[in-house]
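Let the hints inform the model, and build the full structure from the sequences given.
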Amino acid sequence: MPTDAPIVHKPEGPPRVPGQRAVRPKNAATVMIIRRDGPKPRVLMGKRHGGHSFMPDRWVFPGGRIDRADYRAPYATDLRTDVGGLFDRYLPAGKGRALALAAVRETWEEAGLLLARPGEARGRGPWKDFVDQGVLADLDAMDVIARAITPPAVGKRFDTWFLMADAERLTSLDRQADCGELEEIAWVDFDDAQGLPLPAVTRMMIREAVLRMDDPTRPKPFLRYKDREGGMRPVSL
Numbered sequence: 001m002p003t004d005a006p007i008v009h010k011p012e013g014p015p016r017v018p019g020q021r022a023v024r025p026k027n028a029a030t031v032m033i034i035r036r037d038g039p040k041p042r043v044l045m046g047k048r049h050g051g052h053s054f055m056p057d058r059w060v061f062p063g064g065r066i067d068r069a070d071y072r073a074p075y076a077t078d079l080r081t082d083v084g085g086l087f088d089r090y091l092p093a094g095k096g097r098a099l100a101l102a103a104v105r106e107t108w109e110e111a112g113l114l115l116a117r118p119g120e121a122r123g124r125g126p127w128k129d130f131v132d133q134g135v136l137a138d139l140d141a142m143d144v145i146a147r148a149i150t151p152p153a154v155g156k157r158f159d160t161w162f163l164m165a166d167a168e169r170l171t172s173l174d175r176q177a178d179c180g181e182l183e184e185i186a187w188v189d190f191d192d193a194q195g196l197p198l199p200a201v202t203r204m205m206i207r208e209a210v211l212r213m214d215d216p217t218r219p220k221p222f223l224r225y226k227d228r229e230g231g232m233r234p235v236s237l
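Residue numbers (my numbering): 1 to 237.
In case anyone wonders, no lab produced these hints; they're calculated from the structure. Hints are not guaranteed to be accurate.
Said to hold, decoys possible - Lysine-lysine pairs mimicking DSS-like chemistry, simulated, CA-CA at most 30 Å apart: (1) LYS156 <-> LYS26; (2) LYS220 <-> LYS26; (3) LYS47 <-> LYS156; (4) LYS40 <-> LYS156; (5) LYS128 <-> LYS47.
Printed below as a string of structure tokens:
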């Protein structure tokens, strides 16, 4: 259901060229991996490189846009029925699975961590290195917590699904040294995370994760911007 008032904040990212039509958002997914083996829950985060045109020097969750190879990637476990059903309400058949696979792949490429189970298959393109580790994606570990679309005023836009998984579903907490696009990787507790330079939507998702851990039945927000100033009225998925 809509909130009582819109949320407004300055859009982040390169501005849209004046007079140009709004850019069509690219499909993307990101995953909040939660570690619970300490006094406080911690979430995996990484710092984007300062040279990026989109959210430079910001701390984010691993993830990225969907690749054509994600539609054909092998997996050890499929999405849970409720998760797959939620995707199917909004997306063409198979696209939700591809988005979840994109989040798994990007977690490996950006953070060197495998959300996977032992298994063998033939990996192609961006999936070859992942599958060569002797594992296949564990999609059953995923839950949807929210969806957000970048505002029309920004020149680079994404339609992003925010997922959540438990760190116990990783094959190991030890990661490869090369972190790809992310300059730094850290497990950060939720209070400390709020003190980092975060994109506005990431800050909102951290608060949402805290609320969801207290109430797993909480409605899942869909954040869609309706005007050039970045105003939005969250609704539930």
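Right, here's what the structure says about each hint:
1. LYS156 <-> LYS26: 9 Å, holds
2. LYS220 <-> LYS26: 21 Å, holds
3. LYS47 <-> LYS156: 19 Å, holds
4. LYS40 <-> LYS156: Status violated; Cα separation ~35 Å.
5. LYS128 <-> LYS47: The given pair, whose Cα atoms are some 25 Å apart, holds under the 30 Å limit.
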